[in-house]
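A.B. asks: Sequence:
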Amino acid sequence: MIKTAVILVAAVVVANAMMRPIRIRNYDDCSCEHHETYPCDEEEEPSTPPTAIPTTPSTSLQSSTSNTITSTTTQTTPESTTTPALCPDLNRQTPFKRKNGWWCGFLTEPSSSLVSPMNYRETPDWCGDTNAQVASLETKEELEYFTHVARNFKYPVAGFWTASAYNATSERWYWTDGQADPNIEPQPIGSDPNGRIAVLVGSSPDPAVLAVVPQSGRGSVTISAVLCGVPGLQFS
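Going by mature numbering (1 follows the signal peptide of the UniProt record, and there is no 0), the letters in the sequence shown line up with residues -17 to -1, 1 to 219, in that order.
Hints in this document: simulated from the structure, not taken from any laboratory. There could be a bad hint or two in this list.
Derived pair list, reagent style DSS-like, types lysine-lysine, alpha-carbon separation capped at 27 Å [what the hints assert, rightly or not]:
#: 1; residue 1: Lys137; residue 2: Lys123
#: 2; residue 1: Lys123; residue 2: Lys82
#: 3; residue 1: Lys80; residue 2: Lys123
FRET-style restraints, in silico, Cβ to Cβ [what the hints assert, rightly or not]:
#: 4; residue 1: Glu168; residue 2: Ser203; range: 22 to 30 Å
#: 5; residue 1: Ser96; residue 2: Ala148; range: 31 to 39 Å
#: 6; residue 1: Gly161; residue 2: Ser219; range: 17 to 25 Å
#: 7; residue 1: Leu97; residue 2: Arg134; range: 13 to 21 Å
#: 8; residue 1: Gly185; residue 2: Leu97; range: 19 to 27 Å
#: 9; residue 1: Tyr138; residue 2: Pro67; range: 32 to 40 Å
Every value quoted in this text rests on a predicted model; they were computed, and no experiment measured them. Don't be surprised by glycine CBs; every beta carbon is placed ideally from N, CA and C.
Could you build the full structure based on these sequences and the hints that come with them?
C.D. replies: So this is what it looks like as structure tokens:
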């Protein structure tokens, strides 16, 4: 009987030991030198697992480094593209390209419907009022253009003076404005060496005619206007 009782007591002790919760010894706050004499308190395992603390994703932005590239391009000022004026006064003057440069011509316009002859000797004064000079006709384009202008004046123009002179040695007429090619081809009609060359306008579609007329401006055709002009942009 006694042996049986001892066995039962031993079984109970073993069962209690198996059912006893595992204890975790806390050695952090105790002295290990005396843990055999003064054992550290044991912590019971928490009955509920610790709650996990959610982690919040970091919202901080990653700093970026910006590299500034300094341009080494040299700024150059573009050259002016302004085209030089061909004539001093394009409102009055019309440019024509000649061999030596541009010539800027214009016709004087009669101020009266009464056709009054203009003496050739007075023409420098007429042109001088606008700082110009009596002009010649180097090109066919000049002749055609000013003939058209004369035919469309407000008051009628039958003819206008040009800068010219006669050379008795060569027995030829020449342009004398100082810029035009002096040679005239074909030579004007007429044979008065004391006269001057005028443009007889005529009427469309007939071409104008170069003719030698008396310097008085009186003749078969009355000369009542003068061709004036100034040098324009010259060729370098």
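A.B. asks: Of the numbered hints stated previously, which ones are contradicted by the structure, given in increasing order?
C.D. replies: Structure breaks no hint.
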